[in-house]
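These are the residues of each chain, in order.
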Amino acid sequence: MLVVEDDDGIRTSLALALEDEGYDVDPHASGEDAFAAVSAHPPDLMLVDLMLGRMDGFTFIRSARTVSDAPVIVVSARDDTHDIVAALEAGADDYVTKPFVVKEVSARLRALMRRGRGGPINEQSGRRVVLDSGPPTLVLDMDAGRVTREATEVHLTVTEFRLLCELASPPDRVLSRQVLLDRVWDRGFFGDERIVDVHIRRLRTKVEREPGDPQIVVTVRGLGYRLHTGE
Amino acid sequence: MRSRWGLRATLTALFALGGVLLAGVMGLGTYGVARSYLLDQRERGTLRQAFADASYVRDGLLTSGRRVSDVLGAVSPPAESTVLVQRRGRWYSSSLDVGEAALPQALRSQVGEDSAWVQWASVGGVPSVLVRVPLPAAGAQFYEVTAADELQRTLHTLRTVLIGFAVAVMVAAAVLGRWAARRAVAPLDAVAGAAARIAGGRLDTRLPATEDPDLATFVGSFNTMVDALAERIERDARFTADVSHELRSPLTALLTSVDVLERRRDEMSARSAQVIDLVRADLDRFHRMLEDLLDLGRLDAGAPMRVVPGLDAVELVRQTLLDSGRSAALLEDPGQPLLVDVDKQQMARALRNLFDNADRHGGGLTRVSVSQEGLAGHHPKVIVCVDDQGRGVPPEDRERIFDRFHRDGSRGSLPGAGLGLSLVSETLQAHAGVVWCMANDWRGARFVVQLPASSAHAAGES
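In the order they appear, the protein sequences are chains A and B.
Sequential numbering of the first sequence, starting at 18, is according to our numbering.
Sequential numbering of the second sequence, starting at 300, is according to our numbering.
Hints are not guaranteed to be accurate.
Partial selection, computed: residues in chain A whose CB lies under 10 Å from chain B [to be verified]:
#, residue
1, T114
2, P116
3, K120
4, G151
5, G205
6, R211
Listed below are several chain A residues computed to face chain B (Cβ distance under 10 Å; list not exhaustive) [claimed, not checked]:
#, residue
7, L33
8, A34
9, V42
According to the in silico footprint, chain A covers these stretches of chain B (three or more CB under 8 Å from chain A) [unchecked claim]:
#, stretch
10, 584 to 591
11, 602 to 610
12, 613 to 627
13, 640 to 648
Just so you know, the hints here were simulated from the structure itself, not pulled from any lab data.
Heads up, the beta-carbon is just placed ideally off N, CA and C, and yes, glycines get one too.
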């Protein structure tokens, strides 16, 4: 996994602690170095501080997203609401705020690594779900771990894909934000529901024909979200 | 007088006094002029009449053979007048009611004087005009007494009207005074309102600019003062925020490093392990304190809350208990969801601080209950009671314990930054709620959290 953190103390101690947890840690002090590393060897996980030097965390996440679908956890020294939402919109999957404890970070990492792409989603796995009967047809293939529009693959991050799978097993069922937060991010009662909202928004821009007027991932006012299939 | 009366009352009274004085002086003047004019008119009229009558009587008396009483009978003075004639020491009167006794003694004795006069006197309680006309040719004195009671009535009416007028002027002046006082005090009311808002934490409050040259200077200095105050407070808050932000990174590095060390406890000597435990304990305390500070800073800065509408307070309490490693059995479940509109993370921190406080200072948390007070549609409240079994909080300390860094002297040795309860109080304030401390039935302390019940519930949740 990749760790981008400009504070020497945190970077070193975090690398040691995460190595103790069994991760293979590749620490970097600047966004530029880290981006070079990501391009060369795409990591399975990224832990990124938002306050970096010249290349800030947001820019790094956006660039890293062009080459990697791996889960990104943001470390925010500023638990400023705007920063967190902006980071999530840039492509981050979850966040921790300073000061944090290692337990917290590893819990977030575990949640996002828990079920990788193509792994068994639940008993309902092995299904193909037609999201949009088209044309063009949009199909979620849980076994292959991908979403295709006609023949081309729609590029989803690991977390976006898992979110879509949760919504699709089975489809046409309302899931509250709390439930989604719990299942995809393993956040308990006190999780931040904005994480779900931002991911739903990101998902819509990729699967909907008109993200402003969603037909597939539908909001059910006051209750949560529902996947409307084209079948 | 000013100190006991308000400015408004004083001004009103002064206006009323001024009004009544003015009206009184004017009324008295009017009355005096009107009275002397009327009396003068009356005197002239009476005099004219008297001379006419006197001349008639003289002619009658000079006609030989006629008796005085006959002459008087032939005179026909107006109804309110009586003619008296004195001749050779005897008195004759044209009326049975009025005799010579009506004339003042002093006048009657001036028999010898041959001068005519006119004079006012009270006859039978009625102010009257007395006119004497000597009739030397007939060897008699002619008197005419004219009652002026209708003049009396006129003057009485005039007096009444003027007094009524004075009273009306006084009332009008008082009303005017009250209005003027209110106008004069209105800017002060605005200042008081602004000051109250500023004291309530709305530091962006300023007095509106005014065209009034009397007020402009005042408004200017007031606003300058608030600017300076706000800047100072902001600087202090920014300093605290900056310091706590700067502390985060080193604290995170420390926490993580100690974590790494703790994993290697087995490789350490007993002494080293003991030291690590000490460091860990104080580091945790530091961590909590910093989080409280950061939260307080956020509340001070008025950072937006992430309110979850219609959150079940019972579940919130249960999850907070579980999250802080306590037993959910401490919760006295009301058996139904009680909904509130709160930022769940913030409210959870506040509740957790109350639980920690009970454990640290109150001999242990014994019970948490959630209930609802008030009917739907009457601003119902959700109440959370947190009970402990300690020695309670003395009544005089029950407000102070919510101050920042307040510490009871006897509890000074126990860990706790003294920030926790102030965070609770400020979080509740931000949620339009309130927290207070009282004694419970077990002589311990009870912290009562009161929040407005969710309006989403009343509207019927979709």
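(message) Checking hints one by one. Is R211 of chain A an interface residue toward chain B, by the C-beta closer than 10 Å rule?
(response) Status holds, d = 7 Å.
(request) Under 10 Å, Cβ to Cβ, is where L33 of chain A needs to be relative to chain B, so tell me if that hint holds or is violated. (result) Given a least distance of 5 Å, the restraint on L33 of chain A holds.
(message) Take the shortest C-beta to C-beta distance between P116 of chain A and chain B; is it under 10 Å?
(response) Check passed: Cβ of P116 of chain A comes within 4 Å of chain B, closer than 10 Å.
(request) Go check the stretch 584 to 591 of chain B versus chain A for me, would you? Three or more residues, Cβ under 8 Å, otherwise it fails. (result) Since three or more residues must qualify, the claim that chain A covers the stretch 584 to 591 of chain B holds, with 3 doing so at under 8 Å.
(request) Please verify that hint: G151 of chain A, Cβ, nearest Cβ of chain B, below 10 Å or not. (result) 33 Å, violated
(request) Verify the interface restraint on A34 of chain A: the C-beta must sit less than 10 Å from at least one C-beta of chain B. (result) 5 Å, holds
(message) For the restraint on G205 of chain A, tell me whether the closest CB of chain B is nearer than 10 Å.
(response) 7 Å, holds
(message) Min Cβ distance, V42 of chain A to chain B: is it shorter than 10 Å?
(response) 12 Å, violated
(message) Would the hint on K120 of chain A be counted as holding, given a Cβ-Cβ threshold of 10 Å to chain B?
(response) At 8 Å from the nearest chain B Cβ, K120 of chain A passes the 10 Å test, so the hint holds.
(request) With chain B as the partner, please determine if T114 of chain A meets the hint condition of a C-beta pair closer than 10 Å. (result) 8 Å, holds
(request) State whether the coverage of the stretch 640 to 648 of chain B by chain A holds or is violated, taking the criterion as 3 or more residues with Cβ-Cβ distances under 8 Å. (result) Answer holds; 3 residues pass the 8 Å Cβ test.
(request) Examine the stretch 613 to 627 of chain B for residues whose CB is less than 8 Å from any CB of chain A, and state whether their number is three or more. (result) Our answer is that it holds, as 4 residues pass the Cβ test (under 8 Å) against chain A, meeting three.
The structure is inconsistent with the numbered hints 4, 9, although it conforms to all the rest.
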